[in-house]
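Visitor: Can you build the whole structure from these sequences, using the hints too?
If you read the protein sequences in the order shown, they are chains A and B.
Count the first sequence with our numbering and you get residues 715 to 1266, in order.
Count the second sequence with our numbering and you get residues 641 to 1136, in order.
Hints listed in this document are in silico derivations from the structure and should not be mistaken for laboratory results.
Hints are not guaranteed to be accurate.
Which stretches of chain B does chain A cover? Using the computed rule of at least three CB atoms under 8 Å from a CB of chain A, they are [said to hold, decoys possible]: (1) 863-870; (2) 891-897; (3) 907-913; (4) 959-971; (5) 997-1006; (6) 1047-1059.
The beta carbon of each residue, even a glycine, is placed where N, CA and C say it ideally should be.
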Amino acid sequence: MSLTSRCGALLLCAAFIAPAAHARLLFKAGFETPTDVPATDAEAARFLTQATFGPSLTDIARVRAIGYSAWIHQQMNQVPMTAARPHMEAVNAAMVAAATGDTIGQNQRMSRWFHTAATGQDQLRQKTAYALSQIFVISDTNGSISGEPIQMSEYWDLLARNAFGYYRTLLDEVTYNPSMGKFLSHFRNRKAGTGREPDENYAREVMQLFSIGTVERNLDYSPMLQAGQPIPTYDQAVIGNYAKVFTGFAYANAGTNLFGGTNTYLPMSCVATEHDTTLKTVVGGTTIPAGQSCATDVRDGLNLLASHPNVGPFIARQLIQRFTTSNPSPAYITRVAQKFNNNGDNERGDLNAVIKQILLDPEARAANPPATFGKIREPLLRLTAVLRAWDFQLPAATQYGEIRMGMTNPTSSYAQRPLGAPTVFNFYEPDYQHPGALADADLYAPEMQIINEGTTYSISNSLADYTFRYYVGMTSPPTDRPLIDVTALANLTTPAAMVDEVNKRMFYGAMTTNTRTTLVNMLSFMNGATASEKARSLLQIAAMSPEFATQR
Amino acid sequence: MKQKEQARRQFLRNLGVTLCAGGASALLPQLKLMGSALAAQTGTVAGYRALVCVYLSGGNDSWNMLLPYDTARHSVYAAARSGIYNATTNAGGLGIDRAALASQFQITDSATGALYAVNPGNATYPGGMSDLATIYRANKLAFLPNLGTLIRPITKTEYNSSPALRPPQLYSHNDQENLWHLARTTAANTGWGGLVADRVRLDNLNQALSPCISMAGSNRFEVGESTFPYQMSSGGLTGLSNVYNAANSTGGTYGSQRAGALDLLLGDTTNTSPLTKEYGRTFKRGRDLYDLVNSSLTAADNSGNVTTVFPTGNSLADQLKMVARMIKISRESSGQIQHKRQIFYVRIGGFDLHDGLMATNQNGHGALLNRVSQALGAFWTALGELGAQNDVTAFTMSEFARTLSSNGNGSDHAWGGVQFVMGGAVNGGRLYGTFPDQTLNNTISFSRGQTIPSTSVDQMAATLARWMGVTSSTDLATIFPNLINFPTSNLGFMAP
Chain A
715 MSLTSRCGAL LLCAAFIAPA AHARLLFKAG FETPTDVPAT DAEAARFLTQ
765 ATFGPSLTDI ARVRAIGYSA WIHQQMNQVP MTAARPHMEA VNAAMVAAAT
815 GDTIGQNQRM SRWFHTAATG QDQLRQKTAY ALSQIFVISD TNGSISGEPI
865 QMSEYWDLLA RNAFGYYRTL LDEVTYNPSM GKFLSHFRNR KAGTGREPDE
915 NYAREVMQLF SIGTVERNLD YSPMLQAGQP IPTYDQAVIG NYAKVFTGFA
965 YANAGTNLFG GTNTYLPMSC VATEHDTTLK TVVGGTTIPA GQSCATDVRD
1015 GLNLLASHPN VGPFIARQLI QRFTTSNPSP AYITRVAQKF NNNGDNERGD
1065 LNAVIKQILL DPEARAANPP ATFGKIREPL LRLTAVLRAW DFQLPAATQY
1115 GEIRMGMTNP TSSYAQRPLG APTVFNFYEP DYQHPGALAD ADLYAPEMQI
1165 INEGTTYSIS NSLADYTFRY YVGMTSPPTD RPLIDVTALA NLTTPAAMVD
1215 EVNKRMFYGA MTTNTRTTLV NMLSFMNGAT ASEKARSLLQ IAAMSPEFAT
1265 QR
Chain B
641 MKQKEQARRQ FLRNLGVTLC AGGASALLPQ LKLMGSALAA QTGTVAGYRA
691 LVCVYLSGGN DSWNMLLPYD TARHSVYAAA RSGIYNATTN AGGLGIDRAA
741 LASQFQITDS ATGALYAVNP GNATYPGGMS DLATIYRANK LAFLPNLGTL
791 IRPITKTEYN SSPALRPPQL YSHNDQENLW HLARTTAANT GWGGLVADRV
841 RLDNLNQALS PCISMAGSNR FEVGESTFPY QMSSGGLTGL SNVYNAANST
891 GGTYGSQRAG ALDLLLGDTT NTSPLTKEYG RTFKRGRDLY DLVNSSLTAA
941 DNSGNVTTVF PTGNSLADQL KMVARMIKIS RESSGQIQHK RQIFYVRIGG
991 FDLHDGLMAT NQNGHGALLN RVSQALGAFW TALGELGAQN DVTAFTMSEF
1041 ARTLSSNGNG SDHAWGGVQF VMGGAVNGGR LYGTFPDQTL NNTISFSRGQ
1091 TIPSTSVDQM AATLARWMGV TSSTDLATIF PNLINFPTSN LGFMAP
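Guide: What follows is the structure in structure tokens.
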């Protein structure tokens, strides 16, 4: 089938790209009524555990006052975005001006990330960006971008800006982003020449990981079968043809020289003389005609991917896994995929509608979820949850304006690092089944791929640093990291009252009786300990507990 | 046989439960006796034996790891690789100049007399793979050219006409890596190393410590029906902060109270969430094994250390050094571990070189292979220090090799490629299998030089499994269900 004969479909794709965005915001502004106010702090806290980097007392109160929908609406439409790149540029400028020899690096990007996760008002946007960063992966473990922290911050901002936008726009911006271009090597990808074929890297991963996946899917994510076998979505020939689509990319101001231009974060341009203009046979046997411009080829190629029926379930399931549960029911995936396919205004790929459905879905909000509902918390999100649950005294900004959070290389403790996965396959894979009881029960548990004897220790020890070791009132406190202030907790007079406060702030009121009894007893047995030591011991052990390591 | 197999699995599962429940140490001598009786059915081999899987992540461009040195074949190679790389005159070329292949990189296939060379590195990494070439020349390293994932032997005609005969999801990183770990082409939760360990682990005295040990996190390869890898860091074990630990930490004034609470939480089996329980089990396993492993590794008499100097700034070397230390403490005849069979997993990434394959910086292929060579060279020396060279076999795996032709400054995903096996029990100094014709688009390759493998992962794995003591054809057929499709299950590179 040629593209021209599918013109209708392509035009349809084009129609739900950018122009609709304005209409949607106007149309949808503020019509939700607070019909979904949680009945308890616990319910609000559980919702916030899913939707943010961790519930804070302030957010719990806000959600209880206005309800889930209105809170989501505020987050999506009213709370300004906390940008990373301008901050990084300011720190860089201050370093250059000071001429002390200090240079900006990934450490500053980490400081900014933890500061935003812990204190940013745009929690849902940043949490969504974090989820998207684990689908549209770039990584500073790759030498081609490890030395470009400002550009990588722009990539983060790109994800945050598009968090409630349209998938098709996001796919476009990701494709043209120079950090992605370098990470997946379509930057300076040349058309075929003597003894040289276009680089297949981006062509493969944009299909396998960013859009349609390797096999045809039903709306509920189950694989379509033919004679009992899954049906591949593409083959090697399609990869080779898509590789031609992604040729000619260069720096924004490269002009006609593929190797020219300035290294900036601006979207890549395309050098016409290096773009492959031959006919390309791509997914579904569709052809992209010969002789088109680079921009048109990329538009057509991405339109075909974005309009593939796989995208809804493929993206829906992964986002659900990041927010609420590792094992969504087929019906839950279907409901979210339906929102992806049509947000109610006949628009496709509206992430606003997708995120809302993920969080408000009956399966996510059920008061007594089944035992299999939930997920292992991402290790990094245990730390952010601790930082948001309790009062911390942050260090003064450095002379360059960086606020240091005590965590410049989280990988060694948490096996995770924002925009720092080992490869484009992220820290763990959505289909990971942990051997043993979980696999035997046919359950997925992506995060268990990085949980082992070693990391349970290293995560625990880092959490101990934040909950026990470094605190307001200690002797000779460090000046480069947050100090926990346990005054409020230590002032509670009984072990039971202290544990109940921990239950409220860290366990959304769902702490089991066994855990509660164990923690109360521990405090009771600490005869002679100061109130601070008791409070910090309680926090450390609670933070290490298997229950806190899980989100239900 | 099937019934015995199931009975043994059940036994091992029960054993696992017993150990988890604690108090197993008193039972261990009896268990060991029972174990020996059962394991005898599978044809055990005396003494200590270990496999070390060196996973090259991202798809190693192995056509630049082992290349033909004779002028005729080298020129075919160079043409397929888009010419000899030259930073100024042919920056897109991926071929290594024959003139760069000095004598320390040259090797001869003693089986055929054909001349080859290993990667010579570059100006920044001049050592290249000379360390491994030296071991090859000592006949302790063998190359397996053109190995890959296969359901059965497949011709190019069959490939083109019968998609069902192709391994699923060729060219895809994670899918192909999975097939290497499985050594089968259908979905499974177990890997071939773990299934081997299931069958040979019963002679290990300490059953609480898994026979499978990973320095590189989770991996399917080491998962069996009753074996799950113990995952540790190459930096060794770090104690738990502020928590009492019998061996070496008071955990502070209230460390024992905190330890008491933590252990109760980890041992709580009443939580309804299977995820919470799995997390608790994993953490508890770490607690249970910490004293055992750490006290041996850090013994005051330094018996947990090796004196061999490993290269620094080389993560693979760090991992292999820890493997050497674990082998040392595990073989200690008066130690608490006393393992007879172990399988280790180490990993080095960065091989997905679509860009910068020939770069002379730390990210280029020359640097990566130099690190592999130096790390394994030091490991070989360390095994000598332990007197364990004949007892340990290291081998590489990588999800696929890469296109011979260039994409401008790198290579793309392909299929068959070269792996190597190193050890005192390896009949080395030669190639096992046919080094492929490197003309683009010939009868065993496609237009970009994606090569159809002539030998399967299963055959390499079965040869190693046999050396580990899995000798019964029934066991081999269970672990490697496709093995029957290939002409031999023993490639012959291991001494009996």
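Visitor: Which of the numbered hints are not met once you compare them with the structure shown?
Guide: Of the numbered hints given earlier, the structure breaks just one, which is hint 4.
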